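**Student:** Okay, here's what each chain looks like letter by letter:
4 protein chains.
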Amino acid sequence: MTTTNISALTNEIRQRIQEARQRVSALHAELPRWELVVWTAGNVSERVYVSETNKPSNDDVFVIKPSGVNYENLTPDSMVVCNLNGDLLEGNYSPSSDTAAHAYVYRNMPEVGGVVHTHSTYATAWAARGEEIPCVLTMMADEFGGPIPVGPFAIIGDNSIGRGIVETLRKSRSPAVLMQNHGPFTIGKDAKAAVKAAVMVEEVARTVQIARQDGEIIPIPQESIDRLYDRYQNVYGQ
Amino acid sequence: MTTTNISALTNEIRQRIQEARQRVSALHAELPRWELVVWTAGNVSERVYVSETNKPSNDDVFVIKPSGVNYENLTPDSMVVCNLNGDLLEGNYSPSSDTAAHAYVYRNMPEVGGVVHTHSTYATAWAARGEEIPCVLTMMADEFGGPIPVGPFAIIGDNSIGRGIVETLRKSRSPAVLMQNHGPFTIGKDAKAAVKAAVMVEEVARTVQIARQDGEIIPIPQESIDRLYDRYQNVYGQ
Amino acid sequence: MTTTNISALTNEIRQRIQEARQRVSALHAELPRWELVVWTAGNVSERVYVSETNKPSNDDVFVIKPSGVNYENLTPDSMVVCNLNGDLLEGNYSPSSDTAAHAYVYRNMPEVGGVVHTHSTYATAWAARGEEIPCVLTMMADEFGGPIPVGPFAIIGDNSIGRGIVETLRKSRSPAVLMQNHGPFTIGKDAKAAVKAAVMVEEVARTVQIARQDGEIIPIPQESIDRLYDRYQNVYGQ
Amino acid sequence: MTTTNISALTNEIRQRIQEARQRVSALHAELPRWELVVWTAGNVSERVYVSETNKPSNDDVFVIKPSGVNYENLTPDSMVVCNLNGDLLEGNYSPSSDTAAHAYVYRNMPEVGGVVHTHSTYATAWAARGEEIPCVLTMMADEFGGPIPVGPFAIIGDNSIGRGIVETLRKSRSPAVLMQNHGPFTIGKDAKAAVKAAVMVEEVARTVQIARQDGEIIPIPQESIDRLYDRYQNVYGQ
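Which chain is which? The protein sequence lines are E, U, W and A, in order. Under full-length UniProt numbering, the first residue of the first sequence carries the number 1, and numbering increases by one thereafter. Under full-length UniProt numbering, the first residue of the second sequence carries the number 1, and numbering increases by one thereafter. Under full-length UniProt numbering, the first residue of the third sequence carries the number 1, and numbering increases by one thereafter. Under full-length UniProt numbering, the first residue of the fourth sequence carries the number 1, and numbering increases by one thereafter.
None of these hints come from the bench; they were simulated from the model. Quantities reported herein were computed from a predicted structural model and do not represent experimental measurements. Take these hints with a grain of salt, some might be off.
Note that identical chains are pooled: a pair holds if it fits in a single copy or bridges any two copies.
Straight line, CA to CA, 25 angstroms or less: simulated SDA-like cross-link-like pairs of lysine to any residue [to be verified]:
hint, residue 1, residue 2
1, K192, Q22
2, K189, S57
3, K189, W39
4, K192, T53
5, K189, P152
6, K192, E30
Excised from the complex, chain E in its bound form (with noise of 0.2 angstroms):
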């Protein structure tokens, strides 16, 4: 049980969640930049360790977009902080209306610094048919590691979505569930991670659904994906 009291934190902690807030505000102009999301639909959240170890717990708190606010008003100021439980622990406004599955996720997945849910529209329609994305793009095995899965149709109110979204991405070796009838969640090592799972996710979904709409796509053999996403986790990037 998470027990964080915000004014209990040491300085160095409350420095975090004030860096956490930047970052989080930020990455929320990635989602209409990419096309993810309109209006004031989806979110982005990033756990702050507490420990000064920088290890997980369960007295971790994470900075997640207030409800109903558009984009073009989100400041590191007006982002929320919540507990593992999701309770409202600092900022002026109620927390997104996705805090109890974001809080899930963050309280059974110790490894997940960061989580990302929108509904973007080619995610969405797969999910939609509760079909997951076959991988078939070599873009998709490096980022992916295979097919994106879906997750079980759940609504707001209860455990339902968090659960549903940990016990498939478990799984899987993607970043991204498909919740059906709903739309993608993704998570990462931080909120960039996870934003730019999003990001890929859509593209993925779109492409492969535009492929498939003209005709028979290309199976890739699966030790080509293995070989794929196993250079792309340990070789890409700086």
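Let chain E serve as the given structure and place chains U, W and A on it in line with the hints.
**Tutor:** This is chains U, W and A only, laid out in the frame that chain E set:
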């Protein structure tokens, strides 16, 4: 019958009109921003309550876009003011050619404070097929509470468009109607809410069509739709 | 036969050319803005009347985009001026490779004051099928007065493109023609009207195809098309 | 075998490298502008001739994007320089993970001065089907001189991507190849020409697929393709 004489209005009401001019002018920028309109198509209006208690009456007026003016030239001063018969009361331009439809809605739906009309692509595509959009997304249950209905074929020149909008919306929880072969009209408690519905109807029309183009979509049980709609209307936002 | 010698023009006519350079240069920005062109494709031209009474004549000239120049480098001064044979009269660049087609239209349709050519995606897709766009949207009845016709397959190098445009448009109320395997050409009383038609033909091509991809579209009765067209041409705008 | 030692280059060659850094950095902005890439995907490179006579040689070097750096952070200084074996000669970052494929092309096609790789949506969709794009648009005859061919399935890690590109392009007039399950690679006399080909291959892939999704497309006779290609390569532009 409306009898409003603009010069007889109190300073307070004139101030309300001025504020509505600013809001309606600014909200027009949302239409090209979300790619709902091309060239000069599309219009937003907002009711101004003339009673001191802010209750709707047939003496109310509304602020609407002038006809055939480019979006980049719209300013608070270029907006026009009409009474609920659609007669021009104040303004340097002719009112939008859709003014009669807006006026009919305000006259017959006193709870409506804002109206928007666009020809947004996917919503208009459903309208060209005369087909309602089935409720297969949780965000659609949230916002529309069920399918988005189709209104009758009606052409400009009398009350038939306005009557078609009102008769269709009265039988539905949806704030959007797809007028057959024409395009969507949306309503809200104010102009901003009607613009949000216009943005969401296009997003939903697009996502559901894309989902269905490539396979079977999964329906959402009515009970879940009802729970989502109830929660969203009463809990969401600040 | 046109014989215009640019140095013999009066100051008034030269002033008209200068104003047309500014309008045509500015209108080119509408093409990428509405996503009708990529790279340097697409061109806009406008007739300049050389008669003092502003009546069309074969001594008129027209202002057109130079060939292969990027959109961000277009300025009033980089526009070029041609006579109605398509010969370069004034300018530092070669005229657009489509100049002969524009010239043919101005020579043979004296009522035309502006011409636009693009390869906009959906209009070009209909052109690749050689299929006219059926009139199933009220906005299409307003603007085009019926279906948007297809012109013959013709390749650059003689008058066959221009002749195909003119022969097709003479049999239609539409200001747009889809040249087979090529793309749309649009006309108007001036360059702005032709640009508007270019924007609208793409929007209509897109909406009607998207409508039809997912089911049966409902036709509009001819009588209603006629009433909408008549009203729009005579009443709309300021 | 390339043996270039960057510190042994003359000032003139170093100046050429500096100018190529500026061009390649600026050209990367065209990729998101035309919506060919998301996040950090995609890369542009340009050959720098080290011979005084500007003739290609195996001692040439090329400027290419660093790996995994965001588009908004790309500057002339962040570009990296490699020899034709793909070894890093100069730069503060690792070279793009596609560097080996670029290097292979420069080594084996001395006439090539620029290479671009993207995962643009429609071109990649054709690649996922392993299907060449038929030549059914006049702009496609102009730019590509026929169909756009498909290269073999090949994965990163050895010369198989580069070899697939070169072997496919040698049998074609097209400056673009769709590598199966992967995406397009394009070539040109310099980086700008290769970027133009990358923009055009996506536009053509999109238009032809959209055309075909809704009916039969009309082929262009080979003789007309040949005439259009010949004219465009020799006459168009300034």
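**Student:** Work down the list of hints and note, for each, if the structure agrees.
**Tutor:** Hint check:
1. K192 / Q22: Only inside one copy: K192 and Q22 sit 12 angstroms apart there, 28 angstroms across copies, limit 25 angstroms.
2. K189 / S57: Intra 15 angstroms, inter 45 angstroms, cutoff 25 angstroms: intra-copy only.
3. K189 / W39: between (27 angstroms within a copy, 17 angstroms between copies)
4. K192 / T53: within (21 angstroms within a copy, 47 angstroms between copies)
5. K189 / P152: So K189 and P152 pass the 25 angstroms test inside one copy only (24 angstroms; across, 35 angstroms).
6. K192 / E30: both (10 angstroms within a copy, 24 angstroms between copies)
Every hint from the earlier list agrees with this structure, and none is contradicted.
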